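Engineer: Whole structure, please, built from the sequences with the hints as guidance.
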Amino acid sequence: MPLLHRIVRKDHQAVAFTLDGKPCAGREGDTLLTAILAQAEALRLSEFSGEPRAGFCQMGACQDCWVALESGERLRACSTALVAGMRIVTSRRRAA
Amino acid sequence: MSERPTSERPQPLIVGAGPAGVRAAQALVAAGLRPLVVDEAPACGGQIYRQRLVPDGRSNKALYGSEAAKAEALHRDFAALTGRIDYWPQALLWNLRDGRADVMVDGQSRQVAYDGLVLATGAIDRTLPIPGWTLPGVFTLGGAQIALKSQGCAIGNKVVFLGSGPLLYLVAWQYLKAGVAVAAVLDGAPFKAKLNLLRGLPLAPAIVLRGLRMTAELKLAGVALHYGVSHARILGAERVEGLAWGEAGRERRLACDGLGYGLALRPETQLADLAGCRFRFDARDRAFLPERDNAGRSTVQGVYLAGDGAGIAGADAAERAGERAALALLEDRGLPHDAARARVLEADLARIGRFRDVLEAAFPFPAQWMKDVADETLLCRCEEVSAGEVRRAIAGFGVHELNRLKAVSRIGMGRCQGRVCGAASAELLAHEAGRGIAAVGRLRSQAPVKPIPLALALDAHREAAE
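These protein sequence lines map, in sequence, to chains A and B. Residues in the first sequence are numbered from 1 upward in steps of one, following this note's numbering. Residues in the second sequence are numbered from 1 upward in steps of one, following this note's numbering.
Just so you know, these hints were derived from the structure itself, not from any lab. Hints are supplied without guarantee of correctness; some may be wrong.
In the DSS-like style, the derived pairs of lysine-lysine whose C-alpha atoms are separated by at most 27 Å in a straight line are [claimed, not checked]:
no. : chain 1 : residue 1 : chain 2 : residue 2
1   : B       : Lys219    : B       : Lys371
2   : B       : Lys177    : B       : Lys158
3   : B       : Lys192    : B       : Lys371
4   : B       : Lys61     : B       : Lys219
5   : B       : Lys61     : B       : Lys192
6   : A       : Lys10     : B       : Lys192
7   : A       : Lys10     : B       : Lys371
8   : A       : Lys10     : B       : Lys61
9   : B       : Lys177    : B       : Lys219
In this text the structure is predicted, and so the values were computed from the model without any measurement.
Structural biologist: This is the structure we're talking about:
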C-alpha cells in the first residue's frame, strides 16, 4: 500500500512518469516525493544497510529523499516538481 | 533576473523569503533600496506560509486556518515588490566567502557581491533518535504538515503524532480537520507542564485559547491524548506499523500506518556560521545560536539575523524581526529609518520572547530520552551511525568535543551535515562524557551547506579565481 494518500487534486491532470521502468501517473502539482509515495512504499534504499527510506522532513533539509533518474541525474524528491516523462529509479537493488 | 551596472554599490542580499525575509525586503524597498532575495522555494511564504504548486480547490482558510489573513498579506505584499527587488526563487545559497555569496540557480553557479546581508534561513524540526525512526511512513511534524498543506496528502490512514512542542497538537488538529483518522497524540512532557500555559494567557491570550480549543476538539473527536511518554519505539519491518511506548511505568502499544514526530524546532544557522558570526550557548534552547542585538545585528558588520533561523520565536516574531533587521541595515548605512517603528518592533519581540519562555516550559524538550537510547538505534540517518558506535567512539577516543566526535564517528558528516543528528549528538556526548551540554561545543558548518553537483562547485571556484 502506498505511504501517502491523496485528499485533494485527485482529478488533476495526470502526469506520466516511470518508476523503476514501470509506467505510472502522478498529478499536476506533485513533487517527486508525492508522485512516488502515492504509489510506492519507499523512495530509495540506504547505501549502507539497504534499508528502505522514504524521506523525513519534506522541506529540503534532511537530505533523506534523493532519487535518481535513469540518466544518472540525482534529484531531491521533496523539492523537485514532477515533470512529465521523468524516468525515476528508486533502485530496488542496493545502490553501488 | 536583472543585471546591475558594476559601478553601483552592491545591493543588499536577503536569504529566505519566509515571514522574516519578506518583511525585510519590504522595509528596504520602502527606503529606496533594491535588495536581491534568494530563496530555495518556488514561491514566497517560507514553511509556515508555504504555497501550493498549483491551486487545489482548498481555500486559504482551509490551508492556513486562523493564520490565513497573515499568509495572504505576506504573499500579497511580496508580490507587490515585483520589479523593485531582484528575486531568485528555487535558488540555493551554498557558500559565503570574502563578502560574496555562491548561489546555485537554474543549475548554474552564480557569485553575488552584496552590501548588507539579512539571513532569514528558518528552521527544521528538532528530533532525537528513537528505534525505527528511519522507517518509511515516519515524517517530522513539519514534514507531515507539508504533505497535508502543500501537497494535499495524508501520511497515513491511521496516524499517530509523537513528540513535544506546539506543532504536535497543531498538526494533529489539522489532520483531524482534514478528515484523517488520528489514532493518538503522544506528548513527551507530563500533563502538569501544560499548566504553564496559564502564565501565557496575559502575554498571548489568542494563541493560548486557540491551543486549548484544538486540544479540546482532538479530545472530543476521540483522539487519545497521552502525556509523560518515554521509551518510544516505532514498530515495523519495511514501513511503520505501530508504536510502543512507556507511560506510568508500563509499556503500551498502538497500531498506525503513519507517524509524525518532532520535538519543537531548531534554527538553520549554517550560513551565519559561514558568515563568521559569533555564537553563544542558549540554555533555554539547549543550542548554540548566533549572537545578535535587539535589532538583529550579528557580531559581523553588515550581517543581520532575523526569524527562526536566528532563534525559534515563530512567524509573528519573524515578520517583526525581519523588518527590524532591515531598519538596522538602513541605520548602519546612514539612511533615514523610522526609529519609533523600530522601538515598537523591539517591544513586540520582547513580549513574544517572554511568551516563548512559557511555551518552552509547557512543551519541554525531553533531553532525557537521549540517555536511554538503545545502542542499536541509528543516531545519524545519513551515514547510519548507531548510538552504540558513537558511545564506543566517545569512550575509546576520550572525546569531549563535538567536532572531534564527528572526526572519529562520522556523525554530522553526511548529506544533512548534522542538521538532523546534531542536537542528539551533543546530548549524547554531554551525557557520556559527563559534561554540560554547553561544554561539548557545536558542529562547525561547512560549504556547501546542502549538496550541490561537483561540476557546479568547480565552476564557482574558477569564477572566484578569475
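Engineer: Does each hint hold? Answer for all of them.
Structural biologist: Quick rundown of the hints versus the structure:
As the CA atoms of Lys219 (chain B) and Lys371 (chain B) are separated by approximately 32 Å, the hinted pair breaks the 27 Å bound. Our distance criterion of 27 Å between C-alpha atoms is met by Lys177 (chain B) and Lys158 (chain B), whose separation comes to about 14 Å. With a C-alpha separation of about 23 Å, the suggested pair Lys192 (chain B) and Lys371 (chain B) falls inside the 27 Å cut-off, and the hint holds. Annotation: proposed proximity of Lys61 (chain B) to Lys219 (chain B) holds, straight-line Cα distance about 23 Å (limit 27 Å).
For the hint linking Lys61 (chain B) to Lys192 (chain B), the alpha-carbon distance of about 33 Å lies beyond 27 Å, and the restraint is violated. Proposed proximity of Lys10 (chain A) and Lys192 (chain B) is contradicted: the alpha carbons are some 43 Å apart, above 27 Å. Proximity of Lys10 (chain A) to Lys371 (chain B) is assessed by CA-CA distance (about 45 Å); at most 27 Å being required, the pair is judged violated. Proximity of Lys10 (chain A) to Lys61 (chain B) is assessed by CA-CA distance (about 20 Å); at most 27 Å being required, the pair is judged to hold.
Pair hint Lys177 (chain B) plus Lys219 (chain B) holds up; C-alpha atoms about 13 Å apart against a cutoff of 27 Å.
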